[in-house]
Every structure is written in structure tokens, then in C-alpha cells.
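Number of protein chains: 2
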Amino acid sequence: MIEVYASEVRKRTNIPVFARDVERVLSALFVTSDFWEVVRYSMVSLPAVASIIDLLKREDWVGYQGENIVLTEKGKREAERLGIYPYRRYTCDRCNGRTVTIDGFKDIYEDFLKIQEDRPEALHRYDQGYVTPETTMARVALADMRGDLRGKEIIVLGDDDLVGLALALTRLPKRVVVIDIDKRILDFENRIKNERGLEILDLKRVDLRDPLPDDLLGKFDVFFTDPAETLPGFKAFAYRGIATLKGAGCAGYIGLTHVETSLSKWRDIQRFIVEAGLVITDIINEFNEYVNWPYYRSTRGWELNPVKSDPKGIWYVSALYRVETVGEFQRWNEPLAEDIYEDEESSTT
Amino acid sequence: MIEVYASEVRKRTNIPVFARDVERVLSALFVTSDFWEVVRYSMVSLPAVASIIDLLKREDWVGYQGENIVLTEKGKREAERLGIYPYRRYTCDRCNGRTVTIDGFKDIYEDFLKIQEDRPEALHRYDQGYVTPETTMARVALADMRGDLRGKEIIVLGDDDLVGLALALTRLPKRVVVIDIDKRILDFENRIKNERGLEILDLKRVDLRDPLPDDLLGKFDVFFTDPAETLPGFKAFAYRGIATLKGAGCAGYIGLTHVETSLSKWRDIQRFIVEAGLVITDIINEFNEYVNWPYYRSTRGWELNPVKSDPKGIWYVSALYRVETVGEFQRWNEPLAEDIYEDEESSTT
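Here the protein sequences come in this chain order: A and B. Just so you know, the working numbering puts the end of the first sequence at 349, numbered straight through with nothing missing. Just so you know, the working numbering puts the end of the second sequence at 349, numbered straight through with nothing missing.
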């Protein structure tokens, strides 16, 4: 039965959706009636979730009550008959499932919290949406534990998350270069740099659709990036990140969601990483928690939300990938003419 | 300089060792003089760590003081000159870096703790070495959160960790099949099965060097395995685990160490997983913590330990991989004549 639904959703959305995804959405619907929470808990891409819910509505498995999406008696009965159970959550309440705590950076975190209060707001135009300050700090802690902070030359490709600023505030790296297309972010970080005398921090305006300049290629030990999640977006951000690395034993930190990327596309990305000559050392789901962006009512995600409810808390999360070069690897640095922000799975455009 | 050391260790051990690995060992030596802790913290394979330390000793960067391996003044000076810093650790003290807590399984955990007290001891002959009861329970919690427990048909390939027993104790899966070569483990679990009336638990004696019988192929939603980490060992355990899965949207839980597997071999394994038609959904380092096995003084690891110190606490850990099938995948089930327990990187044989 749900295999038939999955197949119909596959046809409608052109996204690889399996019966397991329908099961995940139903499991989530047992414990929440909030569209955004269903997206978070199910770990299914937003357009697929919307399409699955639409189909379940047609079949009278769910009903809409105001802004709530509710399993009907029929839906509950059918789900139970299929052996589908309510979603369970055991995420650690201390580290929020991140594996590391930020206690070792208490003072810097408090400083960072104040500094980021007047950060530039997320812009739709650049597909921005930044993580919580706690997330930014936890990235720094994990990087330090993995030996990717102290004495290292680090590049951040796109920094609405201000991770470059947080890295520089520790004063532990040898150099931190932030590249971004958004002058507001560069100006903001430049102001803090001057106020705090953060000489290790360098800011450069770069459009990642263009090839990186030579003076950034093969010059870094570590990169951080939160790519736009289309394939061209992943190339612009992550492929170019890899191209900045010096040689073997260098690392990259990449954010990747389930909201905008199906597991089949995760697999394509993993194949690229491995074939390019890198190994994946960590995949920590829900490491990155995003603050809701102000423009969400004009995104495709909002349009697809069948009940047009506002998000009540953090719902957009991503997994943190750490990758490392082992031996020779490919440095890809071609120009990109394509749309890096939108494909069938995207929802923030 | 350390690139030269890495190259010498590569030649000596036939393991892909990079300057970064020498750096990792030096970082660990700043904070511990215990051989086993250096292995854990550095995340470098044990034979490579031993060879690196041997070389650092020759160059007078480290000295041996009884059972301690100590950085010399020269070693410290050289490491600092190279921009190598002491290892830092921010692992969450609540979930032990596992992302999930086991609070939701409190009663079952307490029961399991008592039951496992008279479990069969780890045998050298089968390369056994079991995880802490907390680790076993945390695997159950993560599986439940990922929707891989309730109503599912689960197979465990090799169960000295007693994860099959713990899964059955929850009484939540539809069926749990444990296959093992070791009659002691099957007898032990069978006794508990009879005492507790765990009808969902099935026990079968299987030698994983042989192809799996037909009645296990394509029959399960989820598998768990902690493979022997040679390539033939990985085939015997993990490849066969994949062969037991029903179709798309099924999952596998696999333990993989840095102690016995270099990042280059991690990459080979990741390439296999992706090419076989699966995606890696989680890699949580140090998820699995192993109780020291009684036979460690007769292993290659002990032989390679230059100061012949006894482990003081948990040192052997592994990452937990969760993999998932997306669409078509390969079911490999060939006979294996090779040695599944030993290669150049192994240390528990």
C-alpha cells in the first residue's frame, strides 16, 4: 500500500521517495501535527513530505484542523496495521546530539553571543539562513578536538553562520580567511576584526560561481562550508573548498540537510567525496540548528506547507560532515553558469 | 620533517601513514604517556602508532620511563616549532559522545546489566571483544530513534556484544535472529530466551566464511554487525549483512575502528558501501567502547606496545556507521577461504 503511495509521490515530485519515507512521515505524524516538525523528525526532504501529506489527505489518512495536520482514525488504524510506530527521540539533552559540549569555550561563546546580536539578517537573495550561536561554537569545539583549529590555516566559504569570526575570536588558528559574496557580512566581520584586533582574520569578496583565485588554491589545512544543496551549489561551495586544501591529512566541514537533499542525493555526494580522494570521518545528524529566517513566507517551503502554519521552534537542521584528504585528490575549480540555488528538492528558494 | 617520518613508517608497516598521523600521535603524547590512550586519542591504527613512537624514540623526541612514553624536551620543542598542539577533548559527559542517551530504556538496561554478568568471556580464537553494556543499550536507543526497532525484522551477525539479546529484551522488534559461530554465545542467549520467554529471538549457528543460507537472504529490515576489520572480514560480516536486507529503505549498523583500520581503508570501505547501492546516514566516532579482553597480552597489539604497559581504562573504541539502502543494491554472498582476522593493520590477533 505505502509502496504505491511512494511511487505516486516519486512521479509527482521527481524525487526518489521510498515506502520507508512514507513510513517516516507517518511515524512523525503520530507525535506532532506541526508541518515543520514532521519535516525535522522524518528526515525526508520537504517537497516529498508535502507531497506525501497531500496524498495521505486524499486517502483520508490525515485531516487538516486549522494549522494542524492530524492523523485520522483511519490513518492511525492503517499505520498500525502496517506496523508503523510513533517516532521516538533520545537526543542527548546536554550536547543536543552534537557529541561535544562547548564548555571549553565558555568565555569566547559569551563574547560571541554579544557580538552576533547585530549581525546582518539572512537574505533570501543569497539563500542565507544562519545557525544558532551554540551551533557555531560547537563546530569550533569539534574542530579543536579533531586537531583542525590550533595553528591551522582555515578558509570559510560563505559565512552567514559567522564561524570564521568565532574561529578568529579563539585566536588559536594561524590564519582564518572568510570569503563571501555578501558585502554586509564582510563589513560586519571587518568591523569586529578592527575593534578586537583580530589580525589572523582576512576577508575577501568572492562569488563562488566563479573559479577561486590562484592565491586560495592549495593553501589551507581546513575549510568550512554550508553549501547550497543543489548539485551546482555543492560544487560551488564544497568542491571549491576541497580545492583550497594543501594535501593529504587536510579536513573539511560541510553541512548537509535532509530537508533539501534526499538520501539518494546524499549517496551521490558521498560517491563524489570518496572518488575525489577523500574519506568521510564524521556524519553527525542534527548538529547544525538554524534560526528561522525572516523571509520564510516567500519560500517554496511555505508554499508547499499545506496548512500554512508558522514554525514554532527550530525545525531546519543539518548534518555535519567532516571529510579528510588521504593521498592524492581532485581540485575542481571550474566556472558555474547554472542556478546554484534551486532544484526539485529545494525549499528555501 | 614529519613527512619524512611518515614516509619511513609507511615503508616499515605497509600502512598508508601521513604527516598528519605523526602530528596526531605527538598531540596525544602531550597529554598522556599511556600507549593505549595514545592509540585512542590519535585515531591512528595501532601498528602505525607503535612504529611512529619507535621512530620518535630513535630521534630522541620521546623516551621510555618504565611503562610511560614521555615527550622529551627536544620532542616538545620540535613539536611546538612545527605548530603541533596538545590534544583537546570536548566529548559530552552525559551521552559519552554518542548523541543519544539510554534513559528511555532504563528498566531494560538494568535488567540487561544483571543478565550479562555471566556472559561468555571474549575468545581470542574468534577475535572477540565485547562492548560495554551501556554501548549495547545505546545502539538500541539510536536504532529506535531511526525507526529501526519497533515491528522490524532484525538480524545480528556475530553477537558477543549481546545486542541481539538487548533488542529482544525490549520485546519491540517483530523478530530478532542472532547468528554466530560461537556455541557458547548461542547457548547463553538461548538460556535467557527460555527463562524470559523471548519468543521473538532466534539463534542459529553460522560460520560467516560460508555463504548465508537462502532463508536469511533478503529477509530483514535491519542488521547489526561488528566486523573483523580485514577486507575479507568486512566481506564476511558487513557484505553478508547487506545481503540479508529486503529492499530499499533497510538499514545496517556497523562498527569500524581507527585502531585497526586506517583512514585510507575507511575510504575503501565507504566506496564499497556507496557503490553497492547504500548511503551512509551516520558516522559517530567512539560510539562503541570495548571492555578489555582477557587475552590482550597474547595479541599483536601487546607485542607492538614498546613499553608493555597494561591498559588502565577503556581504550579500544569504534565508530558506529549506520547505512541505508536506496533503490537497487548488490547482495554479495560468496564463500571466503581467506584469513578474515589478520592483515597489516590488525592488532587484536
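Bear in mind the hints are in silico, worked out from the structure with no lab data behind them. It is possible that some hints are incorrect.
Said to hold, decoys possible - Using 20 Å as the maximum straight-line C-alpha spacing, the simulated SDA-like pairs for lysine to any residue come out as follows:
{"hint": "1", "chain 1": "B", "residue 1": "K219", "chain 2": "A", "residue 2": "E153"}
{"hint": "2", "chain 1": "B", "residue 1": "K174", "chain 2": "A", "residue 2": "R81"}
{"hint": "3", "chain 1": "B", "residue 1": "K174", "chain 2": "A", "residue 2": "K312"}
{"hint": "4", "chain 1": "A", "residue 1": "K312", "chain 2": "A", "residue 2": "E328"}
Unchecked claim - Pair ranges (Cβ atoms, derived):
{"hint": "5", "chain 1": "B", "residue 1": "E199", "chain 2": "A", "residue 2": "T72", "range": "48 to 58 Å"}
{"hint": "6", "chain 1": "B", "residue 1": "D60", "chain 2": "A", "residue 2": "K219", "range": "49 to 59 Å"}
{"hint": "7", "chain 1": "B", "residue 1": "E80", "chain 2": "A", "residue 2": "E195", "range": "29 to 39 Å"}
Don't be surprised by glycine CBs; every beta carbon is placed ideally from N, CA and C.
Outcome of the hint check:
no., hint, result
1, B:K219 to A:E153, "violated (50 Å)"
2, B:K174 to A:R81, "holds (13 Å)"
3, B:K174 to A:K312, "violated (36 Å)"
4, A:K312 to A:E328, "violated (46 Å)"
5, B:E199 to A:T72: 48 to 58 Å, "violated (33 Å)"
6, B:D60 to A:K219: 49 to 59 Å, "violated (33 Å)"
7, B:E80 to A:E195: 29 to 39 Å, "holds (30 Å)"
Violation of the numbered hints given earlier is confined to hints 1, 3, 4, 5, 6; the remaining hints are satisfied by the structure.
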